[in-house]
Amino acid sequence: MPTRSPARLVVALAVAGVLAIFLVYTAIAGHSIPTLTPSQIQGKSGKLSIVGTVVGKLDGDSHGASGLRFQLVDPQGHSAKRVDVVYHGAAPPPLFRVGRSVVVSGRYADGRLQGTDIVTKCPSKYTSAPS
Amino acid sequence: MADLGRAALVVTFGLAVYALVAGGIAARRNERRLAASARNALYCSFASTLIAAAVLATALVRHDFTFTYVAAHTNRHLPVAYALSAFWGGQEGSLLLWLLVLTGYGALAVAMNRRLLRDLTAWVVPVFAGIATFFSFVLVAVASPFDTQTAPFDGAGLTPSLQNPYMVAHPPMLYLGYVGLSVPFAFAAGALLSGRTDERWIVATRRWTLAAWAFLGFGQLLGAHWAYVEVGWGGYYAWDPVENAALMPWLAATAFLHSVMVQERKGMLKVWNMVLVALAFELSVFGTFLTRSGVVNSIHSFSKSSIGPWFLAFVVISSIFSLALITWRLPLLKAKTKLESALSREAAFLYNNLLLVALCLTILWGVLFPIVTQLFKGETRTIGRPYYDFFLRTFGLPLLLLMGIGPLIAWRKTSLRGLARTLTWPIVAAAVTGVALVAAGAGSSSPGLIAYTFSAFVLATIVVELVRGTRATGSLWTLVSRNRRRYGGYVVHAAVVLLAIGIAGSSAYSSSVERRLALGQSMTLAGYTLTNRGVTVDPKPNVTETRAHLDVTGPWSGTISSGDNQYVNPPEPSREVGIKTDWLRGEDLYVIVDEAHPKTGLIFVQVLVKPLINLIWIAGIVFLFGAAVALWPDAREQRRLVARLAPAASA
Amino acid sequence: MPASSGGSSRDLHPLRRRSAVIVVGLLLAAAVVVLVAMPFLREPVVADDRLDAPTDAEEQRLALVEARDRALGALKELEFDHRTGKVDDADYRELVGPLRQAAAAALRALDSPQE
Chain A
69 MPTRSPARLV VALAVAGVLA IFLVYTAIAG HSIPTLTPSQ IQGKSGKLSI
119 VGTVVGKLDG DSHGASGLRF QLVDPQGHSA KRVDVVYHGA APPPLFRVGR
169 SVVVSGRYAD GRLQGTDIVT KCPSKYTSAP S
Chain B
26 MADLGRAALV VTFGLAVYAL VAGGIAARRN ERRLAASARN ALYCSFASTL
76 IAAAVLATAL VRHDFTFTYV AAHTNRHLPV AYALSAFWGG QEGSLLLWLL
126 VLTGYGALAV AMNRRLLRDL TAWVVPVFAG IATFFSFVLV AVASPFDTQT
176 APFDGAGLTP SLQNPYMVAH PPMLYLGYVG LSVPFAFAAG ALLSGRTDER
226 WIVATRRWTL AAWAFLGFGQ LLGAHWAYVE VGWGGYYAWD PVENAALMPW
276 LAATAFLHSV MVQERKGMLK VWNMVLVALA FELSVFGTFL TRSGVVNSIH
326 SFSKSSIGPW FLAFVVISSI FSLALITWRL PLLKAKTKLE SALSREAAFL
376 YNNLLLVALC LTILWGVLFP IVTQLFKGET RTIGRPYYDF FLRTFGLPLL
426 LLMGIGPLIA WRKTSLRGLA RTLTWPIVAA AVTGVALVAA GAGSSSPGLI
476 AYTFSAFVLA TIVVELVRGT RATGSLWTLV SRNRRRYGGY VVHAAVVLLA
526 IGIAGSSAYS SSVERRLALG QSMTLAGYTL TNRGVTVDPK PNVTETRAHL
576 DVTGPWSGTI SSGDNQYVNP PEPSREVGIK TDWLRGEDLY VIVDEAHPKT
626 GLIFVQVLVK PLINLIWIAG IVFLFGAAVA LWPDAREQRR LVARLAPAAS
676 A
Chain C
2 MPASSGGSSR DLHPLRRRSA VIVVGLLLAA AVVVLVAMPF LREPVVADDR
52 LDAPTDAEEQ RLALVEARDR ALGALKELEF DHRTGKVDDA DYRELVGPLR
102 QAAAAALRAL DSPQE
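Residue numbers (my numbering), protein chains in the order written: chain A, 69 to 199; chain B, 26 to 676; chain C, 2 to 116.
Rather than coming from a laboratory, the hints here were simulated on the basis of the structure.
All of these numbers come straight from a predicted model, not from anything done at the bench.
Incorrect hints may appear among the rest.
The calculated DSSO-like cross-link candidates involving lysine-lysine, where the alpha carbons are at most 30 Å apart (straight line), are [stated by the list, open to error]:
1. Lys77/C to Lys359/B
2. Lys115/A to Lys402/B
3. Lys565/B to Lys605/B
4. Lys77/C to Lys438/B
5. Lys361/B to Lys77/C
6. Lys112/A to Lys402/B
7. Lys402/B to Lys361/B
8. Lys363/B to Lys77/C
9. Lys605/B to Lys624/B
Far from chain B, by Cβ distances over 10 Å, these chain A residues were calculated [what the hints assert, rightly or not]:
10. Ala95
11. Ser100
12. Gly114
13. Val123
14. Gly128
15. Arg137
16. Gln139
17. Ala148
18. Val154
19. Val166
20. Thr184
In this text, a Cβ means the ideal position worked out from N, Cα and C, and glycines have one as well.
Using the sequences and the hints, build the whole thing.
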């Protein structure tokens with residue numbers, strides 16, 4: 069009878085295999101995009117998401133050629149920095165409006181975000197203070 | 026009245042502290058009367074929490090806006106049922122619900138086991154009391170539901186999309202699950218503290234764990250169904266941190282439900298089971314921390330709440346406590362037997378656990394990633410859908426296959442030859458299904474085809490098991506009633522298979538298209554032709570309903586409508602999608618009109634066809650049924666247990 | 002009582018109501034104290050205050066009973082699996098021996114009490 073059971077080796081190899089899959093995938097595929105506030109956007113470019121509060125006038129139509137235009141500021145209100153957003157695609161979710169917190173994803177270049185996806189949050193229910 | 030509620034919570038806190046301290050001393054010094062006193066304190070803590078809950082419920086039903094909480098989450102127009110459901114609609118109320126379920130479960134679990142496991146239960150009381158101390162402290166000092174104010178004329182109301190039966194049932198169901206995981210945790214801690222580390226604590230809490238797991242699973246399906254019909258983006262799961270917060274403890278609990286069987290039969294995996302039950306418990310509290318604290322961006326909440334740090338501290342402290350306890354009792358947790366073969370039921374459960382925990386930790390990494398990158402890189406990076414989809418497939422598909430193979434492997438070891446014999450029919454069934462599916466066009470998606478083929482395989486193995494078992498015992502009823510756990514488990518496996526088919530069909534084989542349709546214009550998708558017949562605006566007392574109507578021809582003929590509702594009180598919009606379920610073809614026609622112009626009849630519409638999606642909801646029903654079979658009380662088993670553990674009928 | 006009064010202005014005298022709540026609260030608090038102290042009230046003086054947990058001898062016997070039940074259960078399961086064809090004859094022959102021995106040993110250990 070072998071002193072060490074081969075079964076344990078098999079199990080150990082399985083664990084190692086799972087770990088290897090995880091590490092290889094996260095190393096190669098990445099798939100994470102930066103999620104920034106308007107004050108952090110300086111100098112960045114490419115695919116990213118911006119978290120902010122919608123301000124300014126909502127101009128245009130997301131289905132139209134020139135898209136839906138608005139601006140975002142820091143959600144905590146720490147900075148006055150504004151980011152221009154031009155959003156193309158399906159109409160934004162019904163909760164989208166000026167004053168709401170949103171996450172807009174898209175491509176950022178030349179000081180403007182070409183948004184392709186908007187996520188609005190449910191008005192916060194789990195804060196301690198009444199909204 | 027608010028004073029009564031506040032006082033009741035203070036009493037709960039006091040009783041919890043007493044049960045913790047007195048219970049701990051009594052267990053340590055082996056004192057019967059003090060232990061009984063601590064137990065009574067635990068029972069009374071449920072009663073006082075119930076009083077607090079009754080106060081809040083009454084205030085909600087009576088629209089008592091002097092309660093800040095009531096004013097924040099209801100208004101005069103709200104029907105009674107939804108006013109009552111606002112109990113768990115906000116931070117403070119949901120915490121109170123958590124405490125209510127916790128003290129209720131704790132009192133019941135202790136009461137049911139106090140004679141069977143006397144010294145173990147003596148330690149379970151202070152553990153439960155410790156958890157209750159934390160929650161009651163938070164409710165008394167940090168987030169009280171009983172803050173008062175000068176009553177405004179009307180309250181803020183409940184978001185319309187939450188005024189939905191699914192959203193009424195979803196949180197309580199989840200809480201029965203989350204909090205239910207405290208029971209096996211408390212008993213595990215009790216086992217370690219009392220030194221009774223054999224399988225008794227597992228047997229005592231088996232049904233509790235199963236019930237909690239069933240509630241948690243079903244609660245998630247309720248939430249997914251609500252998201253599908255009410256939020257209306259065409260999907261049912263967005264890998265949002267708050268959704269993951271429920272999925273992670275459920276996966277850990279699933280692993281635990283399987284691995285305890287190995288400990289019960291073979292006396293193995295004792296340390297692993299302790300770690301797993303602690304993981305499941307910590308994940309459930311951590312999950313609620315994620316939901317409430319605003320520490321990660323989620324569709325549920327942005328703003329940081331003051332309650333976060335307290336929860337985080339509790340998770341950290343209880344995790345350290347659990348690890349220390351396990352490490353201290355390591356000598357008592359030695360395995361009685363060894364793993365002998367890589368092809369045995371024990372090994373199959375190990376692979377099952379490996380895949381489930383791997384999936385759970387992968388999701389955890391995805392949830393924590395933004396926090397980790399913020400801490401170490403100074404920049405928040407979020408992980409998107411593709412990551413989760415990849416690992417769901419990579420770990421989920423082998424898990425699906427294992428669900429079919431595992432039950433057919435014997436304990437200790439099975440020869441390859443023997444296994445091949447048993448698996449012949451299921452493999453043939455799967456192969457035939459696979460070929461038929463490819464012929465039907467399912468080859469367009471490899472993961473989808475694999476999922477379908479594996480599902481056929483698993484269903485075939487379940488049928489084989491039932492047929493063979495019925496032949497051996499004579500009747501299906503006898504077979505199932507003699508081993509409810511196993512056959513209930515098979516029904517649950519069947520539910521998981523239905524879930525897998527539904528998920529595969531609705532994601533791998535769905536089609537979607539977006540169009541701009543003028544009045545009278547048509548579009549086609551997957552055999553359906555939809556024609557824009559115009560937009561109607563219907564003003565009602567509390568809501569204005571805008572709907573675009575489309576005539577549909579194809580596999581189904583009729584009209585489907587979609588648009589949005591604009592509510593008056595509270596002034597919120599909600600998107601209303603049109604869903605038509607075709608049961609014969611097993612698919613949903615899903616129409617989202619996101620922009621409709623009543624005057625011109627111009628609409629922008631997204632149409633999706635989702636094959637087999639309703640299997641997901643059917644799976645929920647089958648899941649509950651299977652859990653019920655497995656939970657079914659066994660009078661014979663109970664008598665045996667009592668006879669063995671409490672031979673002298675004591676007071 | 003009017004349902005949506007928005008406040009307590011139209012209820013009974015706030016003072017009377019408050020007193021009622023206080024009385025109820027005090028009664029409940031008293032009940033809680035009594036219940037928590039009950040074990041000591043019922044048995045103010047007691048000969049044996051120990052937790053009545055199984056003694057070491059009882060524990061050993063319990064462990065043997067559980068071992069016996071586990072062995073017999075495993076044997077029954079193997080027989081059933083063999084009967085339904087999950088375990089073929091060759092595997093059965095290999096597995097049944099050790100299980101029978103384990104069951105026999107457990108039964109023996111139970112019948113002859115240890116020193």
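Hint by hint, here is what the structure shows:
For a cut-off of 30 Å, the pair hint linking Lys77/C to Lys359/B stands: about 26 Å separates their Cα positions. Straight-line distance between C-alpha atoms of Lys115/A and Lys402/B comes to about 18 Å, which keeps the hinted pair within the 30 Å bound. Simply put, Lys565/B and Lys605/B have alpha-carbon atoms about 25 Å apart, close enough for the 30 Å limit, and the pair holds. Restraint check for Lys77/C and Lys438/B: satisfied, since their Cα atoms lie roughly 16 Å apart, inside the 30 Å limit.
With a C-alpha separation of about 20 Å, the suggested pair Lys361/B and Lys77/C falls inside the 30 Å cut-off, and the hint holds. Our distance criterion of 30 Å between C-alpha atoms is met by Lys112/A and Lys402/B, whose separation comes to about 15 Å. Pair hint Lys402/B plus Lys361/B does not hold up; C-alpha atoms about 47 Å apart against a cutoff of 30 Å. The hinted pair formed by Lys363/B and Lys77/C meets the criterion: a straight-line CA distance of about 21 Å does not exceed 30 Å.
Simply put, Lys605/B and Lys624/B have alpha-carbon atoms about 26 Å apart, close enough for the 30 Å limit, and the pair holds. Once the 10 Å rule is applied to beta carbons, Ala95/A is consistent with being away from chain B; the minimum gap is 12 Å. The claim that Ser100/A is not at the interface with chain B is violated, since a C-beta of that chain comes within 10 Å of its own (minimum 4 Å). Every C-beta of chain B lies more than 10 Å from that of Gly114/A, the closest at about 12 Å, which supports listing it as non-interface.
With a cut of 10 Å on Cβ distances, Val123/A stays outside the contact zone with chain B, its closest approach being about 15 Å. The beta carbon of Gly128/A sits about 12 Å from the closest Cβ of chain B, which is more than 10 Å, so the claim that it is off the interface holds. With a least beta-carbon separation of about 16 Å from chain B, Arg137/A lies farther than 10 Å from that chain, consistent with its non-interface assignment. Non-interface call for Gln139/A relative to chain B: holds, since the shortest CB-CB distance, roughly 18 Å, exceeds 10 Å.
Once the 10 Å rule is applied to beta carbons, Ala148/A is consistent with being away from chain B; the minimum gap is 19 Å. Under the 10 Å C-beta cut-off, the non-interface status given to Val154/A relative to chain B holds; the minimum distance is some 17 Å. The non-interface label for Val166/A is consistent with chain B: the shortest C-beta to C-beta separation is roughly 14 Å, beyond 10 Å. Interface exclusion of Thr184/A from chain B stands, the closest Cβ pair being 13 Å apart, more than 10 Å.
In summary, the numbered hints that this structure violates are 7, 11.
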